[in-house]
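Let the hints inform the model, and build the full structure from the sequences given.
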Amino acid sequence: MDMKVAKKLGLKERYTMMTRDLAWDTTYQPMDKVFPQVTYEGIKIHDWDKWEDPFRLTMDAYWKYQAEKERKLYAILDAFNQNNGHLSVTDARYINVLKLFLGSTPPLELMAGRGFSMVGRQMVGAGPRVACMMQAVDEYRHCQTQIHSISNYNKFYSGLSEFAHQQSRMWYLADGKSFFDDAITAGPFEFMVAIGFAFEYVLTNILFVPFISGAAYNGDMAAMTVGFSAQSDEARHMTLGLECIKFMLEQDPDNLPIVQRWIDKWTWRGTRKLASVGMMMDYMLPKRIMSFKEAWEIYFEENGGALFKDLARYGVTVPKCFPQTIEEKEHITHQSWIGFYMKPDAMSFHTWSPSPEELDWLSEKYPNTFDKYYRPVYEHWAKMEKAGKRFNNKTQPMNCQVCVTTVKYNEPGDPMTTCFRESIYKGEKYHFCSDHCKEIFEHEPEKYIQTFITSHQVLQGKCEPEGVDTDAPDFKPGSHMMEYWRLDPDVQGDFNGSLDQKNFAAWRELATKN
Amino acid sequence: MTMDLRTITIQPLRQTFGHLARRMGADKPASRYMEGTMDLQPVENFHYRPTWDAEHDIFDPRLTRIVMKDWYALKDPRQFYYGAWVLARGRMQETAGADFDLADEQGLAAGYSAEGKQLVNKVLLPLRHVAWASNINNSFVSAYGYGIAIAQAAAYASMDQLGIAQYITRLAISFEEIDALNEAKTAWLNAPEWQGLRRWVEDQMVMQDWFELFVAQNFVLEGLLYPLVYEKFNAKLNAAYGPVVTMLTRFQREWYAENAKWVDTVLKAAAAESPENKAVLAEWVHNAKQRSIEALTPVAEIAFGADANSIMELLVGQINARAIKAGIGA
Ligand SMILES: [Fe+2]
Ligand SMILES: [Fe+2]
Ligand SMILES: [Zn+2]
Chain F
-19 MDMKVAKKLG
-9 LKERYTMMTR
1 DLAWDTTYQP
11 MDKVFPQVTY
21 EGIKIHDWDK
31 WEDPFRLTMD
41 AYWKYQAEKE
51 RKLYAILDAF
61 NQNNGHLSVT
71 DARYINVLKL
81 FLGSTPPLEL
91 MAGRGFSMVG
101 RQMVGAGPRV
111 ACMMQAVDEY
121 RHCQTQIHSI
131 SNYNKFYSGL
141 SEFAHQQSRM
151 WYLADGKSFF
161 DDAITAGPFE
171 FMVAIGFAFE
181 YVLTNILFVP
191 FISGAAYNGD
201 MAAMTVGFSA
211 QSDEARHMTL
221 GLECIKFMLE
231 QDPDNLPIVQ
241 RWIDKWTWRG
251 TRKLASVGMM
261 MDYMLPKRIM
271 SFKEAWEIYF
281 EENGGALFKD
291 LARYGVTVPK
301 CFPQTIEEKE
311 HITHQSWIGF
321 YMKPDAMSFH
331 TWSPSPEELD
341 WLSEKYPNTF
351 DKYYRPVYEH
361 WAKMEKAGKR
371 FNNKTQPMNC
381 QVCVTTVKYN
391 EPGDPMTTCF
401 RESIYKGEKY
411 HFCSDHCKEI
421 FEHEPEKYIQ
431 TFITSHQVLQ
441 GKCEPEGVDT
451 DAPDFKPGSH
461 MMEYWRLDPD
471 VQGDFNGSLD
481 QKNFAAWREL
491 ATKN
Chain D
3 MTMDLRTITI
13 QPLRQTFGHL
23 ARRMGADKPA
33 SRYMEGTMDL
43 QPVENFHYRP
53 TWDAEHDIFD
63 PRLTRIVMKD
73 WYALKDPRQF
83 YYGAWVLARG
93 RMQETAGADF
103 DLADEQGLAA
113 GYSAEGKQLV
123 NKVLLPLRHV
133 AWASNINNSF
143 VSAYGYGIAI
153 AQAAAYASMD
163 QLGIAQYITR
173 LAISFEEIDA
183 LNEAKTAWLN
193 APEWQGLRRW
203 VEDQMVMQDW
213 FELFVAQNFV
223 LEGLLYPLVY
233 EKFNAKLNAA
243 YGPVVTMLTR
253 FQREWYAENA
263 KWVDTVLKAA
273 AAESPENKAV
283 LAEWVHNAKQ
293 RSIEALTPVA
303 EIAFGADANS
313 IMELLVGQIN
323 ARAIKAGIGA
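As they're listed, the protein sequences go chains F and D.
In terms of my numbering, the first sequence has 28 at position 48, counting the first letter as 1, and numbering is strictly consecutive.
In terms of my numbering, the second sequence has 98 at position 96, counting the first letter as 1, and numbering is strictly consecutive.
I should point out that these hints are in silico values taken from the structure, not numbers from a laboratory.
Since we're looking at a predicted model, the values are computed, not measured.
Just so it is clear, CB atoms sit at the ideal spot from N, CA and C, and this is done for glycine as well.
Wrong hints could be hidden among the right ones.
Unchecked claim - Which bits of chain F does chain D cover? Going by a derived footprint, with three or more residues having C-beta under 8 Å, they are:
(1) 49 to 56
(2) 84 to 95
(3) 162 to 169
(4) 222 to 228
In C-alpha cells, the structure reads:
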C-alpha cells in the first residue's frame, strides 16, 4: 500500500497526464505539415513545454461547473420571460441598448468562437491548444445565451428581428465585423494578441462591466444574468491571453517588436470599436451608471496602466495610442451619438435627443468639453425637432479604410476640426480616421485595401437585395437599401413617436394598474 | 430594481427572428437550438482574405467537395446548443465520477486481476492518444467547416474526445498504473502493432477536406474502433475478470451511441442532397474503411488473438449497414 501512496500524482502532474502527455510529435507526417501556421508570422517558439497552463480544468470539472451555471441561467431567463420581465425595465429607450448589442455582440462572440477553434487547431503545444478549444466553446455559449436572453424582447419590440441578416450588411456593424475579420485572417499568434490579450484582457471590462451594470440598473434581469455568467468564463479567457503574451516574450527576444506592434495595433482597433459602448453608457441607458470617461479612467488608464507596468519587465511599453485615447475620452461618445442621431432612417435602433436633465448630467460629467462643443448642437436639434424638422442627414459618410468607422473624430488637440488622414497606395487614395489607422494600413497595405466599405460598395452596385437586376438600364445603385438591410420600418425615425414607445407605455400601464 | 407587475397577457408582435421564420416558412416560436445555430455564420462581405489561405474566404464552401444548397441541413438530431450539450455532459460526468469514486473507495480496481490489468494496459491505454487525435481532427472540422450546424457540433465532439482521453487516463490512475501509461505511450510511438493506426491518424491530421476528415474520423474509424473496444473487448473483459472496466468506460459507451446518431444524420443529409455528394461520400467511406481495417486489425489481434479477423469482419458489416441506412451504399 505504501508504495502505491507514494505514486499518487500531484495536481500539476495529474493535469499534465490529462493534457500534454496525450500529445506526441508526429513522424509519419512532418510536424510543420500538421501545424502549418505557427512560423509565418515570424514568432519564434523554441520550447512549447515552457507554456504555463493558466488554469487546470479537466473536462469533467469543466462540464460540472458549466452545467451548474447553465441550469441557473436558463431558470432565470425562463422566469423573466414568463413574467413579462421586459416591462420592468426603466424605460423603453433602454431596449435600444439591446438592439445595438444584439446586432454587434453575439455575432462577434461567434467569430471569437470560430477564431479560437482555428487557433486551437493550429497551436503546436497541447497546453495552449486545450485552453483555446475550451475558450472556443465558451464563446459559443456567450453568443447563444445572449441571443436567448434577447429573443423574448424580439417578440415585442422593433429592430431585433433581423440581426443575423444585418450582421454582414449594416453599415454601422462593419467596424466590429472588420475587427474580427482582421483578427481571424491574421496568423494564430496575432489572433491571440488581438482577441486573447487586447480584447479579452485590456478592454473586456470596459465592454462588459458597463453593459452588465447597465442592465442591472435598468431592470433587465435577463441581460444582467447572462452578463454575470459570462464574466466567470472571462476570468479564464483573460489569463489565457496574458499567458500567451508572456510565453511569446519569454521564448525569444526577437518576438518583442512583433508583439509590441500587435499590442499597439489591437489596442487602438479595440478603442475605436468601443466608442459605441461609451455612447451607450452616456446616452442610451435611461438610468446611468457612470460616464464613459469615468469608466475609461478606471478600467483603461488605471487597470491597463498597472498591467503595462507589470509587463515592462518583458520590454513591453504602453500602447502607442494611450495618450490619444485619454484625450479622446472627453469627446468620442458625444461625436458618436451625434453621428448616429443624424441617421434616423438607416439604423436598427432608435436615437433621440437628450432631455434637459440628461444634458445637465453630461455637462457635469464632461466639464471640459460638453457645454463648449456639444450642448449647442443638441439644443439646436431640439429646436428643430420642436419645429417638426428633426435633423436627418442623407449624405454618404466617408469611412476609415482600417477601422471602417465614419470619419468623425477630431484632430488631436483641436476639437473643432475633424481628423482626416490619407495615403496613396498603387496610385489609389485611401482615407483614415487617425494616424494610428494610417500606420496600420501602411504596414500591411495589401490586407487593408481589401476592406469592405459599405458606402463605396453601394456605388458599385454590390449592396443590393436578392433579385435586383444590376444590369437593367434604369438601375440606380443604393436605391433598395431598406430591403438590402431588411430594415424594420417600425425602428426607423426618432424614439419619440415610435411604436416601441407607445406599446411599452400601454403594456406597462396594463401591468401596473391595480 | 424590482417592480410589481400584474400577470397580463400581451399579444406578441412576432414569434421569432426573421431568418428563422423564413426557414420555417411561418412566424412561429423557434427552439433554442435553432436560435443558437441557424444562419449565424457570416456568408458575405468579408473584409479580408486569410493571410494563411489567400485563395479562400474566411468561411468558404469550396473547402470541401461536398456541395449543399443549405449547410444548415446538416442538423444535429440531439439539438445541442452549448447549454444542452453541457447539461447532457454534466449528467454523464456525474455518473462517471460516482463510478470512479466507488471503484476507488471499494478498492475494486486494486482487486482486478493482474492478467486482466495487463490486457487493459495493452489495449485500452494507447487509445488515449487516438482520442487526442480525434480531438485534433474534430477541431479542424469546427475551425474550417461551413455553417454553424456542423462547426458547433464538431467543437463539442472535439471536447468530448478530450474528455474521453482523460477518462482513459483516469482509469489508469485508478488502477494505479501510471507506469503503464508511459509504456502505452511508448507502444503507441514504437510498437509495430500500433504503427498502422498511428500512421492513419497522422495522415488524417493533414487531410485538407474537412468533410472527408469528418467521414474518415467520426464515421469510419470510430465506427469500427468503439464497437471493437467498448463493446467486444469490454464483453471479453467482463466475462473473464468482472465488470469494473465496464463501469469505468461507461462514458465512452454512452457517448458513442449518442454521437453516432449525429454522425449518421449528417451523412444522410449530405447524401440525400445530390448523387454527386453520394458518390463522393461513398469514395471517402471506401478509402477510410481500407485504411481503418488495416490499422485496427493488429489492435484487434492484441485483444482477441485468432478471433480478430472474424470480429473485424462483423464490425465492417455494421459500418456497411450504417452506410446503407445513411443512403451512401456500402
Ligand atoms: Fe465571450
Ligand atoms: Fe471571452
Ligand atoms: Zn480608423
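Cut-off 8 Å, C-beta pairs, minimum 3 residues; does the coverage of the segment 222 to 228 of chain F by chain D stand?
violated (count 0)
Annotated coverage of the segment 84 to 95 of chain F by chain D, confirmed only when three residues or more have a Cβ within 8 Å
holds (count 6)
Would you say the segment 162 to 169 of chain F counts as covered by chain D, given the rule of at least 3 residues with C-beta under 8 Å?
holds (count 5)
Tell me if chain D covers the segment 49 to 56 of chain F under the three-residue, 8 Å CB rule, please?
Answer holds; 4 residues pass the 8 Å Cβ test.
The earlier numbered hint that this structure contradicts is number 4, and it is the only one.
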